[in-house]
Amino acid sequence: MNVKPLGDRVVIKMVDYEEKTKGGLFITANAQDKPEIAEVIAVGPGGVVDGKEVEMQLKVGDHVIMGKYAGTTVKIDGEEIIILSQNDILAVVED
Amino acid sequence: MNVKPLGDRVVIKMVDYEEKTKGGLFITANAQDKPEIAEVIAVGPGGVVDGKEVEMQLKVGDHVIMGKYAGTTVKIDGEEIIILSQNDILAVVED
Amino acid sequence: MNVKPLGDRVVIKMVDYEEKTKGGLFITANAQDKPEIAEVIAVGPGGVVDGKEVEMQLKVGDHVIMGKYAGTTVKIDGEEIIILSQNDILAVVED
Amino acid sequence: MNVKPLGDRVVIKMVDYEEKTKGGLFITANAQDKPEIAEVIAVGPGGVVDGKEVEMQLKVGDHVIMGKYAGTTVKIDGEEIIILSQNDILAVVED
Amino acid sequence: MNVKPLGDRVVIKMVDYEEKTKGGLFITANAQDKPEIAEVIAVGPGGVVDGKEVEMQLKVGDHVIMGKYAGTTVKIDGEEIIILSQNDILAVVED
Amino acid sequence: MNVKPLGDRVVIKMVDYEEKTKGGLFITANAQDKPEIAEVIAVGPGGVVDGKEVEMQLKVGDHVIMGKYAGTTVKIDGEEIIILSQNDILAVVED
Amino acid sequence: MNVKPLGDRVVIKMVDYEEKTKGGLFITANAQDKPEIAEVIAVGPGGVVDGKEVEMQLKVGDHVIMGKYAGTTVKIDGEEIIILSQNDILAVVED
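Residue numbers (the numbering used here), protein chains in the order written: chain W, 1 to 95; chain V, 1 to 95; chain H, 1 to 95; chain X, 1 to 95; chain P, 1 to 95; chain Z, 1 to 95; chain G, 1 to 95.
Everything labelled a hint here was simulated from the structure, so no lab data went into it.
Fair warning: there could be bad hints in the mix.
As the list claims (entries may be wrong) - Below, in silico cross-link-like pairs of lysine-lysine (BS3-like), each with a Cα-Cα straight-line distance of 25 Å or less:
| # | chain 1 | residue 1 | chain 2 | residue 2 |
| --- | --- | --- | --- | --- |
| 1 | H | K59 | V | K52 |
| 2 | X | K13 | H | K52 |
| 3 | V | K52 | H | K68 |
| 4 | G | K75 | G | K13 |
| 5 | V | K68 | W | K13 |
| 6 | Z | K13 | G | K68 |
| 7 | V | K13 | H | K68 |
| 8 | Z | K59 | P | K68 |
| 9 | G | K68 | Z | K75 |
| 10 | X | K68 | H | K68 |
| 11 | X | K52 | P | K59 |
| 12 | Z | K52 | X | K52 |
| 13 | X | K59 | H | K4 |
| 14 | X | K4 | P | K52 |
| 15 | V | K75 | W | K52 |
| 16 | V | K75 | V | K4 |
| 17 | X | K59 | X | K4 |
| 18 | Z | K4 | Z | K68 |
| 19 | X | K4 | H | K68 |
| 20 | V | K75 | W | K4 |
| 21 | V | K4 | H | K13 |
| 22 | G | K4 | W | K52 |
| 23 | G | K4 | W | K13 |
| 24 | W | K68 | G | K75 |
| 25 | G | K13 | W | K68 |
| 26 | G | K4 | G | K68 |
| 27 | Z | K75 | Z | K59 |
| 28 | X | K13 | P | K68 |
| 29 | V | K4 | H | K68 |
| 30 | X | K52 | H | K4 |
| 31 | W | K68 | V | K68 |
| 32 | H | K59 | V | K75 |
| 33 | H | K75 | H | K13 |
| 34 | P | K59 | X | K4 |
In this text, all values refer to a predicted model and were calculated from it rather than measured experimentally.
Build out the structure end to end from the sequences listed, making use of the hints.
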């Protein structure tokens with residue numbers, strides 16, 4: 001099933017932390033320090049949102065750091081996704 | 001009875017979850033995980049709303065994910081409908 | 001006595017629910033489910049309201065669904081009326 | 001003493017309810033249902049208020065319905081007056 | 001010491017109530033009904049304040065009615081003054 | 001160490017009250033009535049701040065009255081300074 | 001791992017206080033008075049953020065004073081970083 005976000009919204013899913021640590025990508029001092037890192041799986045078209053021109057700057061596959069408590073979590077096809085505004089994405093992380 | 005939303009508002013009704021799972025469309029891990037999915041049954045004309053130009057991007061029949069706690073629920077002709085701003089619709093879902 | 005709302009405001013009165021059900025217009029599953037349906041009895045001229053251009057899209061006689069808790073209730077000539085902004089009207093209902 | 005409101009403000013005084021009922025103008029079902037009706041006794045010049053162009057649409061002598069809890073009450077020359085923004089006036093009432 | 005308010009601010013001092021009642025200017029039904037009347041002792045230059053063009057419409061010597069709880073009270077040279085935005089001044093009073 | 005505020009911010013330090021009273025500059029009725037007077041020790045460049053054009057109107061050495069509770073206090077080189085927006089400065093005081 | 005902030009955001013890390021005091025750079029009266037000083041380690045591209053043109057005025061390596069409680073703290077590669085808007089940076093400090 002395909003989820004197409006509206007306006008300035010993006011769909012992300014949290015990166016599986018265990019898996020990632022094995023690959024050495026995200027290292028934290030202890031298991032409690034899970035970074036709020038997620039992968040972008042769909043992006044909205046941007047355009048005029050709430051009266052303001054918005055340019056979508058994220059693309060599918062980006063790894064991003066999101067603001068805490070941002071977005072709405074929905075379970076689709078057995079998988080949790082989060083839909084939030086691009087504005088709630090703080091940064092893109094790269095290897 | 002016909003409900004015509006004003007401005008940037010849309011009318012949706014929650015998708016019957018039991019029925020949908022049978023059709024294999026929306027699958028969640030357990031019965032408690034009802035996604036907030038609804039069907040658009042009427043859309044407003046858009047135009048200038050609260051001083052901002054709004055273009056209606058949804059159409060009748062769209063399946064959408066709505067923000068939690070968004071909108072006003074009304075019972076019309078024995079059926080619960082929700083009226084909310086297009087801005088409270090997070091994404092369109094497609095098969 | 002004539003009530004002329006200012007700017008983007010409209011005056012509505014709640015539709016008598018008992019009467020309406022008799023006419024078969026508004027049907028709800030039980031008596032507690034009174035829809036928030038009202039009839040427009042006066043409309044403001046629109047124009048610039050709070051610095052924003054507002055076009056009045058409602059007309060006297062429209063049946064409308066209003067947002068819960070919206071507006072100010074006043075008793076004039078022994079009748080309760082509600083004065084609220086057009087923006088607090090969610091939709092127009094038609095037979 | 002003359003009170004000249006600034007910008008989009010108007011000065012009103014509550015209409016004496018007893019007197020009015022005698023004249024048959026404002027009729028309510030019981031004495032507790034005092035409508036929030038007042039008479040405009042001074043109006044501001046309008047102009048740019050808080051960065052927005054405001055046109056004064058009320059005039060001295062208008063009978064108006066005000067929003068509940070709106071305005072600042074001041075006692076001048078032994079008489080209570082209320083100073084509030086035109087935007088807090090909901091409607092003009094006419095015989 | 002000279003106090004020069006910035007932007008859209010004005011400096012006022014509360015009018016001595018006892019003295020005024022003697023002159024017959026401000027009459028209230030009882031001593032508790034002190035009107036919030038003050039005298040303007042300095043005005044800001046206006047200009048662009050918080051991104052909005054503001055024109056100063058008050059002048060030194062004006063007697064004004066201020067909104068309750070508005071402004072910041074400071075004691076300068078043994079005298080209490082209040083600094084507040086012109087927008088918190090409701091009206092000018094004249095004899 | 002040099003502190004350079006950004007945008008519309010200024011750096012101030014509270015004026016030493018004891019010293020000032022000796023010079024006769026700031027006189028208050030009693031020791032508790034410390035005016036919120038401070039000296040400007042650095043000013044930001046102004047420019048576009050939060051989408052609004054801001055012109056810096058304060059200069060180093062100005063004695064100013066600040067709004068209560070405004071700004072962020074930081075200790076630099078053993079001295080407490082306050083960084084706040086020019087908009088939180090109410091007035092400039094001169095001898 | 002590289003963190004690239006979006007829009008008007010910057011990435012900072014708190015300056016190690018012990019180390020800095022040795023170098024004589026930041027001196028405070030006692031150990032509790034840790035200034036909120038941080039080093040900029042990445043800056044966003046600026047551009048239109050939330051409908052407003054933003055010019056990035058900070059650069060990597062700047063030492064800055066941040067507003068208290070500003071930003072989101074994330075642990076990346078075993079190190080705590082803070083991502084916040086340029087607008088939450090109060091000042092740049094220089095030796």
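Outcome of the hint check:
1. Of the supplied pair hints, the one linking K59/H and K52/V holds, its CA atoms being roughly 22 Å apart against a limit of 25 Å.
2. Proposed proximity of K13/X and K52/H is contradicted: the alpha carbons are some 29 Å apart, above 25 Å.
3. Of the supplied pair hints, the one linking K52/V and K68/H holds, its CA atoms being roughly 24 Å apart against a limit of 25 Å.
4. Restraint check for K75/G and K13/G: satisfied, since their Cα atoms lie roughly 10 Å apart, inside the 25 Å limit.
5. The suggested pairing of K68/V with K13/W holds, with an alpha-carbon distance near 18 Å, which does not exceed 25 Å.
6. Of the pairs offered as hints, the one joining K13/Z and K68/G holds, with about 18 Å between alpha carbons and a cut-off of 25 Å not exceeded.
7. Annotation: proposed proximity of K13/V to K68/H holds, straight-line Cα distance about 18 Å (limit 25 Å).
8. For the proposed pair K59/Z and K68/P, the alpha carbon gap of about 33 Å is over 25 Å, so the pair is violated.
9. The hinted pair formed by K68/G and K75/Z meets the criterion: a straight-line CA distance of about 13 Å does not exceed 25 Å.
10. Taken as a hint, the K68/X and K68/H pair is honoured in the structure, with Cα atoms around 17 Å apart against an allowance of 25 Å.
11. At most 25 Å may separate the alpha-carbon atoms for a hinted pair to count; K52/X and K59/P meet this at roughly 22 Å.
12. For the suggested pair K52/Z and K52/X, the alpha carbons sit about 16 Å apart, so the restraint of at most 25 Å is met.
13. Of the pairs offered as hints, the one joining K59/X and K4/H holds, with about 14 Å between alpha carbons and a cut-off of 25 Å not exceeded.
14. Our distance criterion of 25 Å between C-alpha atoms is met by K4/X and K52/P, whose separation comes to about 24 Å.
15. Only pairs whose Cα atoms come within 25 Å are accepted, and K75/V paired with K52/W is rejected, the gap being roughly 34 Å.
16. A threshold of 25 Å between alpha carbons decides the hint, and for K75/V with K4/V the separation of about 15 Å falls inside it, so the pair holds.
17. Distance check on the hinted pair: K59/X and K4/X sit about 13 Å apart at the alpha-carbon level, within 25 Å; holds.
18. Among the hinted pairs, K4/Z with K68/Z is consistent with the structure: their alpha-carbon atoms are about 23 Å apart, no more than 25 Å.
19. Restraint check for K4/X and K68/H: not satisfied, since their Cα atoms lie roughly 38 Å apart, outside the 25 Å limit.
20. This hinted pair does not check out: K75/V and K4/W have alpha carbons roughly 29 Å apart, beyond 25 Å.
21. For the hint pairing K4/V with K13/H, the CA-to-CA distance comes to about 19 Å; that is within 25 Å, so the pair holds.
22. Restraint check: the Cα-Cα separation between K4/G and K52/W comes to about 24 Å, which is no more than 25 Å; the hinted pair holds.
23. Note on K4/G and K13/W: the hinted pairing holds, with a Cα-Cα distance of about 19 Å set against a maximum of 25 Å.
24. Among the hinted pairs, K68/W with K75/G is consistent with the structure: their alpha-carbon atoms are about 13 Å apart, no more than 25 Å.
25. About 18 Å separates the Cα atoms of K13/G and K68/W, which keeps this hinted pair within 25 Å; it holds.
26. Of the supplied pair hints, the one linking K4/G and K68/G holds, its CA atoms being roughly 23 Å apart against a limit of 25 Å.
27. Straight-line distance between C-alpha atoms of K75/Z and K59/Z comes to about 22 Å, which keeps the hinted pair within the 25 Å bound.
28. A hinted pair counts as satisfied when its Cα atoms are at most 25 Å apart, and K13/X with K68/P qualifies at roughly 18 Å.
29. The straight-line distance between the Cα atoms of K4/V and K68/H is roughly 18 Å, inside the 25 Å bound, and the hint therefore holds.
30. The straight-line distance between the Cα atoms of K52/X and K4/H is roughly 24 Å, inside the 25 Å bound, and the hint therefore holds.
31. Of the supplied pair hints, the one linking K68/W and K68/V holds, its CA atoms being roughly 17 Å apart against a limit of 25 Å.
32. With a CA separation close to 23 Å, the supplied pair K59/H and K75/V stays within the 25 Å bound.
33. Restraint check for K75/H and K13/H: the C-alpha separation of about 10 Å stays at or below 25 Å, so the hint holds.
34. At most 25 Å may separate the alpha-carbon atoms for a hinted pair to count; K59/P and K4/X meet this at roughly 14 Å.
Hint compliance for this structure: hints 2, 8, 15, 19, 20 are not met, and every other hint is.
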